[in-house]
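> Input sequences plus hints: build the corresponding full structure.
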Amino acid sequence: MELRISEVSKVFPSHDGGAVVRAVDSVDLTVADGELVTLLGPSGCGKTTLLRMIAGFEDPSEGDLYFGDRRVNNVAPNRRNATLVFQSYAIFPHLNVFENIAFGLRLKGLREGDIRSKMEKVVHMVGLGGMETRRPSQLSGGQQQRVALARAIVMEPELLLFDEPLSNLDAKLREQMRIDIRRLQKALGITSVYVTHDQAEAMSISDRVVVMKDGRIEQSGCPVELYARPRNRFVADFIGKANFLEGTASEGGILLGGKSYPMDTAPSEVGEVQVVARPEAVVLSRDEGHFHCDIVRTTFLGNLVEYEVECPNLGTLTVHQVNPMTGELFRPGESIQVSLRPETLHILEKE
Amino acid sequence: MRKSLRELRLLCRDPLVAFLVLSVAVALILFVVYPLGMVLVKSFQNVEGAFSVENYSRFAQFKYLKSALLNSLSVGVLTGVIGVLVGYTAALTMVRTNLPYKRFLHLVFILPIIAPPFTSALSVLMLFGSNGLITRGLLGIRNYSIYGFKGVLISQVFTFAPVAYLTLRGVLESLNPTLEDAAMNVGASRWQTFWKVTFPLSLPGIASAFLVVFIESLADFGNPLVLAGSRFPMLATQAYLEITGSFNLPLGAALAVVLLVPSVTAFVIQRYFIQRRQYTTVTGKPVDSTSKLIGPGAKVVLHGFLVLFALSVALFYGVIAVGAFTKVWGYDFTFTAAHLLYAFKVGGQTIKDTLIIAVLATPISGIMGMLIAFMIVRLSFPGKGLLEFGSILNFAVPGTVVGIGYILAFNRPPVVLVGTLTILVLNFVFRYIPVGIQSGVAVLRQIDPSIEEAAQNLGADGVTTFRKVTLPLIAPAFFSGLVFAFVRAMTAISAAIFLVSANWNLLTVQILNQVGSGRLGVAAAFSVILVSIVLVAIGIIGKLVPGRTGGASAIQVREG
Ligand SMILES: Nc1ncnc2c1ncn2[C@@H]1O[C@H](COP(=O)(O)OP(=O)(O)OP(=O)(O)O)[C@@H](O)[C@H]1O
Ligand SMILES: [Mg+2]
Chain A
1 MELRISEVSK VFPSHDGGAV VRAVDSVDLT VADGELVTLL GPSGCGKTTL
51 LRMIAGFEDP SEGDLYFGDR RVNNVAPNRR NATLVFQSYA IFPHLNVFEN
101 IAFGLRLKGL REGDIRSKME KVVHMVGLGG METRRPSQLS GGQQQRVALA
151 RAIVMEPELL LFDEPLSNLD AKLREQMRID IRRLQKALGI TSVYVTHDQA
201 EAMSISDRVV VMKDGRIEQS GCPVELYARP RNRFVADFIG KANFLEGTAS
251 EGGILLGGKS YPMDTAPSEV GEVQVVARPE AVVLSRDEGH FHCDIVRTTF
301 LGNLVEYEVE CPNLGTLTVH QVNPMTGELF RPGESIQVSL RPETLHILEK
351 E
Chain B
1 MRKSLRELRL LCRDPLVAFL VLSVAVALIL FVVYPLGMVL VKSFQNVEGA
51 FSVENYSRFA QFKYLKSALL NSLSVGVLTG VIGVLVGYTA ALTMVRTNLP
101 YKRFLHLVFI LPIIAPPFTS ALSVLMLFGS NGLITRGLLG IRNYSIYGFK
151 GVLISQVFTF APVAYLTLRG VLESLNPTLE DAAMNVGASR WQTFWKVTFP
201 LSLPGIASAF LVVFIESLAD FGNPLVLAGS RFPMLATQAY LEITGSFNLP
251 LGAALAVVLL VPSVTAFVIQ RYFIQRRQYT TVTGKPVDST SKLIGPGAKV
301 VLHGFLVLFA LSVALFYGVI AVGAFTKVWG YDFTFTAAHL LYAFKVGGQT
351 IKDTLIIAVL ATPISGIMGM LIAFMIVRLS FPGKGLLEFG SILNFAVPGT
401 VVGIGYILAF NRPPVVLVGT LTILVLNFVF RYIPVGIQSG VAVLRQIDPS
451 IEEAAQNLGA DGVTTFRKVT LPLIAPAFFS GLVFAFVRAM TAISAAIFLV
501 SANWNLLTVQ ILNQVGSGRL GVAAAFSVIL VSIVLVAIGI IGKLVPGRTG
551 GASAIQVREG
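First to last, the sequence lines map onto chains A and B.
The letter at position 18 of the first sequence is residue 18 when you use our numbering, and the numbering goes up by one with no holes.
The letter at position 79 of the second sequence is residue 79 when you use our numbering, and the numbering goes up by one with no holes.
Possibly wrong hints are sitting among the right ones.
As the list claims (entries may be wrong) - Computed list of lysine-lysine pairs in PhoX-like fashion (alpha-carbon distance at most 25 Å, straight line):
hint : chain 1 : residue 1 : chain 2 : residue 2
1    : A       : K241      : A       : K172
2    : A       : K118      : B       : K468
3    : B       : K299      : B       : K102
4    : A       : K241      : A       : K350
5    : A       : K108      : B       : K468
6    : B       : K468      : B       : K352
Unchecked claim - Covered by chain B, per the in silico footprint, the following chain A stretches (three or more residues, Cβ under 8 Å):
hint : region
7    : 20-27
8    : 35-48
9    : 70-79
Claimed, not checked - Over 12 Å on every C-beta distance to chain A, these chain B residues come out as not near it, computed from the model:
hint : residue
10   : L69
11   : S450
12   : A455
What the hints contain is simulated information worked out from the structure, not anything from laboratory work.
All figures in this text were calculated on a predicted structure; none of them were measured in a lab.
All C-beta atoms in this analysis are idealised placements derived from N, C-alpha and C, irrespective of residue type, glycine included.
See below:
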């Protein structure tokens, strides 16, 4: 089922008579059938509010929501068939694992036999086999999370919603759950909206990422697109690390720190521009390069080395050198040559 | 306006919920607001029923009536001050020190809450009356009169200090002791820590406890009726006497209105100005205090005080227990079961009536209280603030006023209800829902709303969510609300005394009658029976409570 969000806004009245809060501001977004879209953004940017409007817990102040062709603005949350995996899990503390997961099925009035067979499938799918009779308080955080997930997917919803489902888990478990969620979602083919403020999570799990700020969509695109061609500084900064360089664009290419780089496509605007160069787009060498710079700091991270480099013409740069074990390491204080890979440079829109 | 329209639309999406809201509103208007309105209307009529302000001008003229107001207010303020002093000291000691027999002391302190509110009046008579154990027996004083100001004050302090204690204990328990540790950590002495941290933080709670005791003292009926005497008129009893003694209903109504003004004022201040300011954060888990606030010296003094107070309470209720089994109090202390047998003989029917009424009223009031609590915390609909105010208003309205209101409202054809079972049950239900509401609201605020949203998200409508998720989680609070409602229904008197009849009578009224006719032994026997029933009932309800784990773990989920 396709989800269409059309010019939706949410205004909260202020509590103390101050200005009202526009938590979500004219958001326009379509999630295709079977697609997993992530809402990504800093705390307070309106992700949860948007998700709660989709689930029906908040009413849009303006705009329309469509599930397929059906306008759902006035449909009660219990009639939407869009199940939500809550950030706090929201597991019913008075019911055991089985009854928690079967809760919605029982409300549908399914026969006991049907419930059992559906349950059996889902319990194994999420890896909770053998824990059906446990009480929620006897489960670890990760297991509780799986109950919440099972409870949502067993309903075979038209739309699956996630509100930072992994934020309470430790890093290792988080990665495992990411993979599991993605696998389940693909296998079941359920249209999904996933909220997170962790960009790595967003990149790894989504078909498409929607970056939000102050209730508005800054940019939406597949992970590669967002990383390689961020629209503006906010998006570039939020997704991955970035160096921002001041340059001058002309028909032929771009002038950075006195050195001209050709561009594949003609720049959209000429004159003063801001350019983003990802840390791995900067090449360090003892022998040749375009700029004379100094290493300020070297941090060994295992799969890569991160350098902080001071360049007279460009400013301070963050540089990633991958596969450090195969090349040579530079020490702080060393003077080196720096060059940029022209194909990875990207001109940002003016803000 | 647009907001309330939207809320209305939302409400209509769930027709059952809309229906519930409407029914509750209608019930509140009929059984809370309407009787009060009738009191107000009646107070502006003369005996013939024409409009007149003569009742109020009489009140302004007659010194006797004016002094009733003054007496009620001064007793109320003093009871409040002393009650809060005792209650705060006890609560602070209980919360901030470790005593081995803490639980036992706690039970002794709250004993007056489960006893009928005027049993302490009976004790005061048995201890300090003309045949009193202390006055005549110990000190050998003859013709000592305990009636009047001091009698009422002593008796009320014993009745209401436990209320202050319970309130303040809750307040102090939720004050994080880490704050005190922090103060001492930066160099404050214990004394400074108390005055600069603990006391200011508990000040809103203290003010709140004071006002609650003040309200209860103003509304108190049994103690003044037994102990005030004719030279010390008090408002609640005077209104009753005008109606039952002089058959002057309009004047009684006017006195009720005069009584209502300070009560409701105190209530509004307590609710809308003070409760908002409380610093207590409900985390669901009271922190077990390990603060070093109370030093060893202070601890000894405070313990001494606690033990003294507990002993006094024990003495107060001990004399009643003894009095129920002695021949003639003050003269002949030989054992007898005669009072008890007599009580069962003349009062058997009354005991049954009281039980039936309480058993009927308790669950209805409990369920309504929870429902209203749910509406207040979780739903939004136009007029919610009003509904909330209406539903807890009865907490502030003295029973006397309610009783008069019910006579006025439900004693005219076609609805002649006074003296019937229906009216007594209705009266109790609407008088004690505030208790259920308050405990319900407190628990609901601790249950993460997303648990209920999850149920809705999985297809449950409002009513199913309440039944399958909310109700099981609030069950423990529901049952403790039930206990309280039951205790109140068994021990109440002020409103009910207007509504009883030969067919349906109450134990409390019986006790008061026995005291009135000087049969202290029988009154004591009745009191013993009453308290026994209450204790047994608490035990039974406690057994019925389904595993307490549900609610407790709900609260933990919120924290996790
Ligand atoms: N019920 C409410 N009343 C008033 N303001 C609200 C309400 N709910 C959210 N807000 C405000 O709306 C804005 C967006 O909140 P929202 O919860 O959607 O943020 P979020 O992106 O989910 O943040 P986080 O990552 O911290 O969860 C915030 O400024 C918040 O304070
Ligand atoms: Mg959020």
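> Of all the hints numbered above, which does this structure not satisfy? Sort the numbers upward.
Of the numbered hints, 6, 7, 8, 11 and 12 do not hold.
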